[in-house]
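Trainee: Spelled out, the chains give:
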Amino acid sequence: MIPELQPWMLLIVAMIVFTIGLLGVIVRKNLLIMLMSIELMLNSVNLCFVAFSRIHHLVEGDLTALFVMTVAAAESAVGLGLVIALFRTLRTVDSDQIQMLRD
Amino acid sequence: MVNYNLLSALLSLPVVGIFLSWIMPKTSQRIYAIFGSLVILAVSIYIALQAGDTPWDVKLVWLPELGLSLNLKWDSVSRWFVILNSLVAVLAFSLRGPWYRKNSRLFTALGFFLMFALNAAFLSNDVILFYLAYEAVFIPMIFMVGIWGSNAKATSVFRFFLMSFFGSVLMLVSMFALIYLFKEQSGQYSSSLPDLIQAASVKNGQALHWCFLGFFLAFAIKVPVFPFHGWLKEVYVNAPMPATLWMSAILSKLGVFGFLRFVLPIFPGLALENQGWILALSAVSILYAAFLAIRANSPKELLAYSSISHLGFVMLGVFSLSSGGASSAILLSIGHTLVSAMLFYGLHLVEERKDVSDLSVSHGLARVYPVLFTFMFIAVLGAVALPGTMNFVGEFLSLLHAFSASVPSVVVGALGVVLGAVYMLKFYQQLGFGEASGDQTVKDLGVYDIAVLSVLVLILIYFGFQPMLLLKGNG
Amino acid sequence: MILSLLILFPAVGFLINGLLHLMAVNSKRKISANVSGFIATAAMVASFGVALYQFLLLRNIPAEGRIFEQTLFNWISLGKLQLDFTLRLDSLSAVFCLVITGVGSLIHLYSIGYMHDDETPAKYFSYLNLFCFMMLNLVLGATLPHVFLGWEGVGLASYLLIGYWYRDLEKVAAGQKAFIMNRIGDLAFLLAMFLAFRATGTLDLLQLQKIGLEPALVLPFGLLIFFACTGKSAQIPLFTWLPDAMAGPTPVSALIHAATMVTSGIYLLTRLSSVISSSETVLMVIAMTGAVTVFLSALMACAQTDIKKVLAYSTISQLGFMFLGCGVGAFDAGVFHVMTHAFFKALLFLGAGSVIHALHGEQDIFKMGGLMKKLPITSWTFIMGWAAILGLPPFSGFFSKDEIIYQSLTSPHGSVSFFILAVAAAFLTAFYMTRLLVLVFFGPSRVDAKVAAKIHESPMLMAAPLIVLSILALVGGWLGAPVHVGAETTTESHAIEYAVMGGSVVMALIGAFIAHKKYGQTSKAEKVNSFLLNGMKWDSFYLCTFGTGTQKIATGINTFFEEMIVQRLIRWSAVAVDLSGNILKIAQSGSAQGYLAMMAIAIFAILAWVIYGVGQYGKL
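Protein chains in written order, with the working numbering: chain G, -11 to 91; chain B, -11 to 463; chain S, 3 to 622.
Just so you know, these hints were derived from the structure itself, not from any lab. Watch out, some of these pointers could steer you wrong.
[Stated by the list, open to error] Negatives, chain S to chain B, calculated, CB over 12 Å:
#, residue
1, 81
2, 149
3, 411
4, 556
[Unchecked claim] Cut-off 30 Å, straight-line C-alpha distance, at most; resulting in silico cross-link-like pairs (BS3-like, lysine-lysine):
#, chain 1, residue 1, chain 2, residue 2
5, B, 414, S, 376
6, S, 529, G, 17
7, S, 539, S, 173
8, S, 539, S, 376
9, S, 82, B, 460
10, B, 414, S, 30
11, S, 30, B, 342
12, S, 30, B, 431
13, B, 414, S, 173
Just so it is clear, CB atoms sit at the ideal spot from N, CA and C, and this is done for glycine as well.
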């Protein structure tokens, strides 16, 4: 029998997705992949919101999740724009090549 | 409130000066800077006349939660340093050179910033305010050496910063310890000097000893006293002349002032306990620097070491730990400020006319520039503390007071009187005497330089016979 | 109230001439020697008038209260130390004032002629006036620091005047040497002041005499003061600067290095005699130093070939006589000899100057000779000076010198050895002075033919002071004789006194006779003993030890301490800071991912700590 979906299971999934996203940002060198990993992290947070709103029987969590999705869309647009701008100047999307913070 | 406005004018006017320097045209920065510093000088003299012998003590609450307040004090210790600060600024601004050709606005602004920081340091009656000002003094100095200095400037700036910062960080820690001590005793934070003096007078023990050492190190590096003088030569030699003048004439007095204002009042007992070795160190400092000055090969290096040597006499006066000794140390400090300002000012005028960086040959310039060298000679006489100059009174009284504290230190230190004559005469005669070589197309002094130097000479000699006018109101 | 005028006149003269000089050089003009000389001489004559007037007033006061005092202003008042700038005239300073202003005026007058062709006469005369101002401060100062003001001030003037022709670096070096050796003495003066102040709480000379020092302190105080005096008065061990000081213009040598400045040591010792004479050791050291200096420097004078150097060593020797007098307790005799010596030695120097002037700068006595006919005034006045320094009666030197020789034998502090050295020195004095006299003025002429044609007697401006001084050298002894000499001698000792007098005069005559025999007909240069010529190598000894010693110490300190330890320490600390910076720099890779990883680790660590910590302690 398939067990009933419990809210804490959602939290576990959110944690796993968040960790995947975080590791992706830290480990992967391609800026696009990093951007996608950030999206993963955002979505895991969304999942948390939804789960907590279910646990506490509140509607604010669901609403916030909707907000985050809107902001995430805008953010990924800005992020993609930045990546393209970087690619135009540096001819690369490899994060190892981009170390302008040091100097 | 009038007092407060006047004293805070000493802080606000230089700040106004900084901003105005960006408005003034680039080409007339020198005239503007001289004029501006003269105004501040006039204000400080006006305050001196207004205050007379009564000390002024004003307080403006700043951050009460942290016990920070703008405590300013005008008394017999601080007033001459404040006045000299503006006077030295007038002199430093008067020097012509590359700093008025390249980035002249920045130079003027840095100069006014230095005046501001020094005035704040000399007026502060609060350790945190003093520390902020004390550190702020570095900023313009470092920029000046870095921008207009000569070849090895980067290293020298680095060493200067490193050494001074090392001392002042220890001082900061000691300050916090004292503030904490006061908190422990009274339950509230305060960084004002009277509170800390009170706190330190109740407590004693090992911790206070470390605090004393922290303060001592910071000021000993600043003065500097042997063996903390390592930074000095490089910086003096590589700094542009106005910065050297500022450092020798007034920055070194920051250390003396620190001893008189903070160390002796906060730690009277510890100062007495450590008097022996500090006096010995000062005496060694006199001799050591004198020997190094004798073998110096460039005039700037020689004057740099002579500065250390002379400040050793000041230290003897300070650590004679008598009220007379402190007064004589102030007298000698004033004298040294004037004399070293005159020497560097004169040296700059000489260097404008001829390259004299090599002291092992004689240049024979006295015959070519007789007026300039007359002033130089009077400055040299001040430096060897010939009776009739203010320096004699200061040196004589410092040694006299130190004599009752430690005979051997005075005997050793007094040898510096002989060695002082050796290197100062060498300095003068290598520049002035002998046959002149090369072309001498540049003219002798102009009216402005003659006026400035004459005023200095008159002050030097007048107060050599009337030194007590400077000490009115001293306990 | 007139007292201050005494020092005011030279001060004003100094300022006027100094400013004139500066204005002149600034506009590339020349002030004539007549103008500046007149100003300076007028200042000195006015000062002499004041001194004379004060002296006459002083004589009318009964002996106990013979003091004039004028306080000009308060100088230093700090705690216990109360110093007024006070001038105080008593009989001792009156004698010095008269000598300084009187002989000073004559030498100023002489200088107008001597410095006529100089480039910067205004500078010269301003220095001379400065010297007189400082010297008057020295003898009139009522407190030790005031005396010290004059003491260093005359040293300064002496430095300036020795190196007056500063394009010649040798002359500059001579001036520097004088200043530094004097400073060594001044150091002792300073320490003596500190000692006295610590012991008595006052630096006023009168009070110091009244209070006195405790016996244990008399010895260090006396020795320090005496050491200071050996510097200023050119005694062993600090005498070597005086022969070199002859690099200055000759009138300067006459005024500063013969008549006045070098006698300030005698002044100071006499002034403090009541304080220091309670220590036998101090007196003995003074007397011994004096006696040895008298003899050795007379010996050195015998080998000199430069006319001024002979006189310089002779001055050292005569100063030794004065110190000998002070050392055996006869301070009056010492001061008396200061006065007579001022007359005849100034005369001899000015005479020598006149000769040098006539010979256009020639100073070697073996290139002179037979000048008697060409320079009659100079020669006759020089002979008067010669007679005075030999101590032939009735010239002034006879009274003062024989008094000292007599005292060195009979005074309670005297001894036979002092007496023998003094008489031997008197003999040598006669020898070298006669040698000088005959080589310069008699015998065959050894002057260069070119120079010989142009020899001329000095102008009246120079001759007049010579004549006045020669009269003083003749009668100067009578001025002081009734005051000082024999005032305390009892009748039975007169016999010894006459014997001593006769003996020393006979010794002098023998010395003169031998010298005359030896040098009467010299026609070419004599080979002199180089050991004596170079002042017994004292100078080279100092140069080897202290001169190079200082340099060696300086270099040693620089290489072994400053460079090796202090600078290296700083360099290392700089390197250490650099290194730690480099280590920390690794963390600052510039890669955003790296920063992110660090952040994440840190956050996890904090979270873990918070969670674990809460679990452990139950509260944050």
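Trainee: Far enough from chain B: is every CB of that chain over 12 Å from the CB of residue 149 of chain S?
Mentor: 10 Å, violated
Trainee: Beyond 12 Å from every chain B Cβ: check whether that's true for residue 81 of chain S.
Mentor: Incorrect as stated: the minimum Cβ-Cβ distance to chain B is 4 Å, not above 12 Å.
Trainee: Between the alpha carbons of residue 82 of chain S and residue 460 of chain B, is the straight-line distance 30 Å or under?
Mentor: Cα-Cα ~16 Å, so holds.
Trainee: Starting from residue 529 of chain S, check that the Cα of residue 17 of chain G is at most 30 Å away, please.
Mentor: Violated - the C-alpha atoms of residue 17 of chain G and residue 529 of chain S are around 100 Å apart, more than 30 Å.
Trainee: Decide if the proposed pair is consistent with the structure: residue 539 of chain S and residue 173 of chain S, CA atoms, cutoff 30 Å inclusive.
Mentor: 20 Å, holds
Trainee: Holds or violated: residue 414 of chain B with residue 173 of chain S, Cα cutoff 30 Å?
Mentor: 14 Å, holds
Trainee: Run the C-beta distances from residue 411 of chain S to all of chain B and say if the shortest one exceeds 12 Å.
Mentor: About 38 Å separates residue 411 of chain S from the closest Cβ of chain B, which puts it past 12 Å; holds.
Trainee: For residue 414 of chain B and residue 30 of chain S, compute the direct alpha-carbon distance and say whether it is at most 30 Å.
Mentor: Since the Cα atoms of residue 414 of chain B and residue 30 of chain S sit roughly 28 Å apart, the hinted pair holds (cutoff 30 Å).
Trainee: So if I understand the rule, the pair passes when the alpha-carbon distance is 30 Å or less; does residue 414 of chain B with residue 376 of chain S pass?
Mentor: 44 Å, violated
Trainee: Between the alpha carbons of residue 30 of chain S and residue 342 of chain B, is the straight-line distance 30 Å or under?
Mentor: Answer holds: residue 30 of chain S to residue 342 of chain B is near 20 Å, not above 30 Å.
Trainee: For a C-alpha distance cap of 30 Å, please report whether residue 539 of chain S and residue 376 of chain S respect it.
Mentor: 37 Å, violated
Trainee: With 12 Å as the threshold, tell me whether residue 556 of chain S passes as away from chain B on beta-carbon distances.
Mentor: Per Cβ check, residue 556 of chain S is inside 12 Å of chain B; nearest 4 Å; violated.
In this structure, the hints that do not hold are numbers 1, 2, 4, 5, 6 and 8, in rising order.
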